[in-house]
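Each residue of the sequence shown is one higher than the last, beginning at 0 in numbering that gives the first Met the number 0.
Among these hints, one or two may not hold up.
Keeping only pairs whose Cα atoms sit at most 25 Å apart, straight-line, the calculated DSS-like set for lysine-lysine is [said to hold, decoys possible]:
| no. | residue 1 | residue 2 |
| --- | --- | --- |
| 1 | K319 | K272 |
| 2 | K4 | K189 |
| 3 | K140 | K58 |
| 4 | K62 | K213 |
| 5 | K100 | K149 |
| 6 | K137 | K100 |
| 7 | K62 | K189 |
Across the chosen pairs, the derived CB separations fall in these ranges [said to hold, decoys possible]:
| no. | residue 1 | residue 2 | range |
| --- | --- | --- | --- |
| 8 | Y273 | E224 | 11 to 21 Å |
| 9 | D288 | L70 | 20 to 30 Å |
| 10 | D288 | R8 | 41 to 51 Å |
| 11 | R8 | I156 | 22 to 32 Å |
| 12 | I253 | E210 | 23 to 33 Å |
| 13 | I156 | E217 | 39 to 49 Å |
| 14 | K66 | P353 | 26 to 36 Å |
| 15 | E214 | L29 | 26 to 36 Å |
| 16 | V85 | D331 | 27 to 37 Å |
| 17 | D289 | K213 | 57 to 67 Å |
| 18 | A305 | S64 | 28 to 38 Å |
| 19 | L203 | D288 | 23 to 33 Å |
| 20 | S322 | E342 | 46 to 56 Å |
| 21 | P353 | G227 | 21 to 31 Å |
These aren't lab readings, by the way, just hints derived from the structure by calculation.
Glycine included, C-beta positions come from ideal geometry on N, C-alpha and C.
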Amino acid sequence: MDRQKVIVRTSIIGILANVFLAGFKAAVGLIANSISVVLDAVNNLSDALSSLITIIGAKLSAKPSDKKHPLGYGRVEYLSAMVIAVIVLYAGVSAMIESIKKIIHPETPDYSAVSLIIIGAAVVVKIFLGTFVMRTGKSVKSDSLVASGKDALMDSIISASVLVAAVIYLIWGVSLEAYLGVIISVFIIKAGFDTMRDTISQILGERIDSELSKEIKETLCSYPEVNGAVDLLLHAYGPETLVGSVHIEVPHNISAPALDVLERRITADIYQKYGVALTGISIYAVDLDDPETDNLFHAVEKEVMAHEHVLQVHGFTLDKENSIAVFDVVLDFDAKDRHALYEKIVAELHKNHPGYQFLVTLDNDLSD
Numbered sequence: 000m001d002r003q004k005v006i007v008r009t010s011i012i013g014i015l016a017n018v019f020l021a022g023f024k025a026a027v028g029l030i031a032n033s034i035s036v037v038l039d040a041v042n043n044l045s046d047a048l049s050s051l052i053t054i055i056g057a058k059l060s061a062k063p064s065d066k067k068h069p070l071g072y073g074r075v076e077y078l079s080a081m082v083i084a085v086i087v088l089y090a091g092v093s094a095m096i097e098s099i100k101k102i103i104h105p106e107t108p109d110y111s112a113v114s115l116i117i118i119g120a121a122v123v124v125k126i127f128l129g130t131f132v133m134r135t136g137k138s139v140k141s142d143s144l145v146a147s148g149k150d151a152l153m154d155s156i157i158s159a160s161v162l163v164a165a166v167i168y169l170i171w172g173v174s175l176e177a178y179l180g181v182i183i184s185v186f187i188i189k190a191g192f193d194t195m196r197d198t199i200s201q202i203l204g205e206r207i208d209s210e211l212s213k214e215i216k217e218t219l220c221s222y223p224e225v226n227g228a229v230d231l232l233l234h235a236y237g238p239e240t241l242v243g244s245v246h247i248e249v250p251h252n253i254s255a256p257a258l259d260v261l262e263r264r265i266t267a268d269i270y271q272k273y274g275v276a277l278t279g280i281s282i283y284a285v286d287l288d289d290p291e292t293d294n295l296f297h298a299v300e301k302e303v304m305a306h307e308h309v310l311q312v313h314g315f316t317l318d319k320e321n322s323i324a325v326f327d328v329v330l331d332f333d334a335k336d337r338h339a340l341y342e343k344i345v346a347e348l349h350k351n352h353p354g355y356q357f358l359v360t361l362d363n364d365l366s367d
């Protein structure tokens, strides 16, 4: 089924379930004079609104690309997840304020068997709904659905705690209503904060998934002409739109026509297999068949890799006529001072190999 249709259908199920639960809980909360049950109902309404925003986001993100947005509107889904986070945060803060008011001015709840049955049923419904929505969200790579699913599962815990508080009151006469409301509001605020944090991280640009990165590089290296694949960089323009670039190492004597055919094959194959558009394939022309180049490369590689936080040396070429060696060195982000380490490596190379000039590029650890 089409991804957008799956998201819309799942969101509609969430809306109907949450509106249904909110109505019953609100009625029970008002009749029983229970602030925690009323807040639980409000939380269900915020979930319904979140599902509605998810539908709107899915519709907008599916708009075809145009002149102003040639890569489409996929990132709208990140914005819809951000709106959901704000709504959840607002609900949490409001719940906190109301609960504190009830602590200052306490009221006695009045539970009935029917109210307890309704709350118990809500727990079961929320568990099934949360599991279904989160599983569906992961299958279609929808952050909004995953967030809604997690929120629903947490709601089941909240509803269960409300039920426990009601039982405690009926058995021992101790009212935990307002205090439970504070606890519920903390969980709601945390859920909103976590969703906002994760969404901001995605908007900033996260590291490519390790498994996907390794699979793409393995596929690239499966071509006979490719000796290595490095510097894979992908940009996400929505869950289904990945655009990026990569560097490949090829024999120095490959012809331009052969290189053109190779790049076209790679671009088509990677897109067909992974849905990734490689808009830029840069070339490292490597010649390790020459004894001088091969000996210098292995000597340099051994010296550079001996330093802590050095992850890789690649793209090594040697201009024998001018005795200039060119390569990239990838340093770990965990290095305390990457630039100081880089300067130390270059200085050591010039000291150990006085007959050569080294042009070393400090490379970022872009992908696994």
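Each hint, compared with the structure:
{"no.": "1", "hint": "K319 to K272", "result": "violated, 40 Å"}
{"no.": "2", "hint": "K4 to K189", "result": "violated, 30 Å"}
{"no.": "3", "hint": "K140 to K58", "result": "holds, 15 Å"}
{"no.": "4", "hint": "K62 to K213", "result": "violated, 31 Å"}
{"no.": "5", "hint": "K100 to K149", "result": "violated, 29 Å"}
{"no.": "6", "hint": "K137 to K100", "result": "violated, 39 Å"}
{"no.": "7", "hint": "K62 to K189", "result": "violated, 32 Å"}
{"no.": "8", "hint": "Y273 to E224: 11 to 21 Å", "result": "holds, 20 Å"}
{"no.": "9", "hint": "D288 to L70: 20 to 30 Å", "result": "violated, 41 Å"}
{"no.": "10", "hint": "D288 to R8: 41 to 51 Å", "result": "violated, 59 Å"}
{"no.": "11", "hint": "R8 to I156: 22 to 32 Å", "result": "holds, 26 Å"}
{"no.": "12", "hint": "I253 to E210: 23 to 33 Å", "result": "holds, 30 Å"}
{"no.": "13", "hint": "I156 to E217: 39 to 49 Å", "result": "holds, 42 Å"}
{"no.": "14", "hint": "K66 to P353: 26 to 36 Å", "result": "violated, 56 Å"}
{"no.": "15", "hint": "E214 to L29: 26 to 36 Å", "result": "violated, 55 Å"}
{"no.": "16", "hint": "V85 to D331: 27 to 37 Å", "result": "holds, 36 Å"}
{"no.": "17", "hint": "D289 to K213: 57 to 67 Å", "result": "violated, 31 Å"}
{"no.": "18", "hint": "A305 to S64: 28 to 38 Å", "result": "violated, 48 Å"}
{"no.": "19", "hint": "L203 to D288: 23 to 33 Å", "result": "violated, 43 Å"}
{"no.": "20", "hint": "S322 to E342: 46 to 56 Å", "result": "violated, 21 Å"}
{"no.": "21", "hint": "P353 to G227: 21 to 31 Å", "result": "holds, 29 Å"}
The structure shown violates the earlier hints numbered 1, 2, 4, 5, 6, 7, 9, 10, 14, 15, 17, 18, 19 and 20.
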